[in-house]
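S.K.: Each chain is listed here by its residues.
2 protein chains.
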Amino acid sequence: MAMYTISQNIGAFGRRGELSVRGFTVKTPTFMPDGTRGAVKSLTPEMVQSTGVGVVLANTYHLHLMPSEDTVAALGGLHTFTNQTLPLLTDSGGFQVFSLSHINKITEEGVEFKDPRTGDIIFLSPEKSIQIQMKLGADMLVAFDDVVSLDEKGRARTLEAFERTHRWLERSIAEYDRLTAGMSDEERPLLFGVVQGGLDKDLRKKSLEIVQKSSVSGIAIGGLSVGESREEMHDMLEFLAPLYDDSPRPRFLLGVGDPIDLRKALECGIDMLDCVLPTRNARHGSVWVSGDTKMNLKSEVHALTTEVIEPGCDCYTCANGFSRGFLRHQFKVGEPLAGTLASIHNIRYLQRICEEFK
Amino acid sequence: MAMYTISQNIGAFGRRGELSVRGFTVKTPTFMPDGTRGAVKSLTPEMVQSTGVGVVLANTYHLHLMPSEDTVAALGGLHTFTNQTLPLLTDSGGFQVFSLSHINKITEEGVEFKDPRTGDIIFLSPEKSIQIQMKLGADMLVAFDDVVSLDEKGRARTLEAFERTHRWLERSIAEYDRLTAGMSDEERPLLFGVVQGGLDKDLRKKSLEIVQKSSVSGIAIGGLSVGESREEMHDMLEFLAPLYDDSPRPRFLLGVGDPIDLRKALECGIDMLDCVLPTRNARHGSVWVSGDTKMNLKSEVHALTTEVIEPGCDCYTCANGFSRGFLRHQFKVGEPLAGTLASIHNIRYLQRICEEFK
Chain A
1 MAMYTISQNI
11 GAFGRRGELS
21 VRGFTVKTPT
31 FMPDGTRGAV
41 KSLTPEMVQS
51 TGVGVVLANT
61 YHLHLMPSED
71 TVAALGGLHT
81 FTNQTLPLLT
91 DSGGFQVFSL
101 SHINKITEEG
111 VEFKDPRTGD
121 IIFLSPEKSI
131 QIQMKLGADM
141 LVAFDDVVSL
151 DEKGRARTLE
161 AFERTHRWLE
171 RSIAEYDRLT
181 AGMSDEERPL
191 LFGVVQGGLD
201 KDLRKKSLEI
211 VQKSSVSGIA
221 IGGLSVGESR
231 EEMHDMLEFL
241 APLYDDSPRP
251 RFLLGVGDPI
261 DLRKALECGI
271 DMLDCVLPTR
281 NARHGSVWVS
291 GDTKMNLKSE
301 VHALTTEVIE
311 PGCDCYTCAN
321 GFSRGFLRHQ
331 FKVGEPLAGT
341 LASIHNIRYL
351 QRICEEFK
Chain B
1001 MAMYTISQNI
1011 GAFGRRGELS
1021 VRGFTVKTPT
1031 FMPDGTRGAV
1041 KSLTPEMVQS
1051 TGVGVVLANT
1061 YHLHLMPSED
1071 TVAALGGLHT
1081 FTNQTLPLLT
1091 DSGGFQVFSL
1101 SHINKITEEG
1111 VEFKDPRTGD
1121 IIFLSPEKSI
1131 QIQMKLGADM
1141 LVAFDDVVSL
1151 DEKGRARTLE
1161 AFERTHRWLE
1171 RSIAEYDRLT
1181 AGMSDEERPL
1191 LFGVVQGGLD
1201 KDLRKKSLEI
1211 VQKSSVSGIA
1221 IGGLSVGESR
1231 EEMHDMLEFL
1241 APLYDDSPRP
1251 RFLLGVGDPI
1261 DLRKALECGI
1271 DMLDCVLPTR
1281 NARHGSVWVS
1291 GDTKMNLKSE
1301 VHALTTEVIE
1311 PGCDCYTCAN
1321 GFSRGFLRHQ
1331 FKVGEPLAGT
1341 LASIHNIRYL
1351 QRICEEFK
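So the sequences go chain by chain: A and B.
Letter by letter, the first sequence follows residues 1 to 358 in the numbering used here.
Letter by letter, the second sequence follows residues 1001 to 1358 in the numbering used here.
Check before you lean on any hint, since a few could be wrong.
[Stated by the list, open to error] Beta-carbon label-pair distances, calculated as ranges:
1) V1289(B) - E187(A): 34 to 44 angstroms
2) T1293(B) - M66(A): 34 to 44 angstroms
3) E108(A) - P1311(B): 43 to 53 angstroms
4) N320(A) - S1229(B): 42 to 52 angstroms
5) D70(A) - N1296(B): 17 to 27 angstroms
6) S1184(B) - S290(A): 26 to 36 angstroms
7) S290(A) - L1100(B): 38 to 48 angstroms
8) D1120(B) - E18(A): 54 to 64 angstroms
Just so you know, the hints here were simulated from the structure itself, not pulled from any lab data.
Even for Gly, the Cβ is constructed at its ideal location relative to N, Cα and C.
If we strip away everything but chain A, and leave its shape as in the complex, we get (with noise of 0.2 angstroms):
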């Protein structure tokens, strides 16, 4: 079973904690690197753990798609697949269902869509989606919702998706409880409930208290960084702030992970979060620096410049000596080396922020 624990409190509403599950320890708040076809690009799972984060994200919708839950189950497992002995949360695909395929069809039942390889009609439920978490392995699930974007603006579809989101919170959890009903402790995975209701604090409101009333043993706030200003996403994690109950369970904000928004996410009692940024932005050559800016490693200024991405950083590629020159140099002949040691640089960057978080 999942313990949460806080050590302490930070502020308002932030705080420090340790999550306990399945044999791991996972001090909060952590950032959650996107391992998004079981493995983060580019990255030994050693230089992951060299970002000192806590838990690295899989994403259920890429890996059902290639190489299926079956092959990843049959390799031994995501642990074993990837090598990776962090632990390992899956999403639940409903996020990538919507946004990267072509749906054909939403019912009560599921969402019926094409794999955009293939052409194949691929079918997702609640049970579905649970059911492939497990058979991956993954040490932390999360329920499959009805992903509503904010260019669907008609109020009927908002509602419909945010009602229907909780049904199938329970026949996730229904799911979850059939196929971890013979486990010990100590095998359970810890589940996730997805509190929805894009913009709109009423819903959101009541979205929390259906998900904290139900048996789920995380929290998980979706429908944020997607489209939305920064000044709406962060009075939605305001305002959700002291509406959290007591009890010991993590919270985890889907999809964010620029350094602005992490910070006000931790002030607002976020332990978790996960995002393709730290890493997609390194592979263009995209940096974050002291204060939060972005430095762009391609750029001519640094042709000649021996300073590492940030002097004092203590990342593999700034403590090893990397220059900017270098870096510059290798992204200039299209080397992916640069990609990796910048990826590693931005990762440790969120880590950071979450370790001197006080």
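Go by the hints and put chain B onto chain A.
M.R.: Coordinates of chain B only, in the frame set by chain A:
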């Protein structure tokens, strides 16, 4: 001053030894991976070191065009630039000028060619090549030669290039002597002279005699592995084996890295070899396994294989249990980590042949 000492004779012509240069001690025989543009593609310096190789090669041609030897020098020289603590060898640029560029003019003075990227007219000569290599900060240099491709059938051109190579060797040595004049034995890099002569044994013998009579501290064999048959290459290596003199100089075979050819080269008294093959093949999913056979990691047959590339192999990738199934998946989804992991295996495969040579 470079020093080569034989520690063990193996068979009729093979040997183990130690090369001392600029404070480094290199055990031979050793494979040398190509860090074409400064870094071995997609590998950190530590990953390269983990393969056990004694030297890393960097390409003068590529680094001269981008970012330029002046930039590398401004960034602290090749060691600081790449963060590589293993000794570094630069080639002369001759082979690349003749294989990758549009040549405008070859004269006694040098070669004029177009930079394929910018269209700029670039001039390389024996003096210029040595100056570039010295500025890069290499520990071992190679003299600039006039390279003739196998398709240039004309005997006149072959003879011209052959004779010019030896005149250029004298100029390379003179420039090397001039630039290293004030150096202590600890500072002075090693210079390899290049033996040419194509598949003509008389020319090869004469070329070897000329190079061995010169004051260079290493003997390089060029112009093989350029399109001739395996039998022709092996025949030439066997022909040269008894012709090396007793001077304590390391022997470097340029551009050879197929396991079968490498074994033959070691038997024929070669101490050092470089090749892009292990890393280039690896990036395409092709790895060597015992018996010197190639395994295609992209193949469907590996989809459910929990076995590592080569059970018993002590490379990072095999020793850490990355399964063929995982590697196949990573190749299928275009994840650069796959190429990194396969490259480490392939380099280690060649280095193991060197270490097990007896």
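S.K.: Which of the stated hints cannot be reconciled with the structure, identified by number in ascending sequence?
M.R.: Hint check: 2, 6 fail, others pass.
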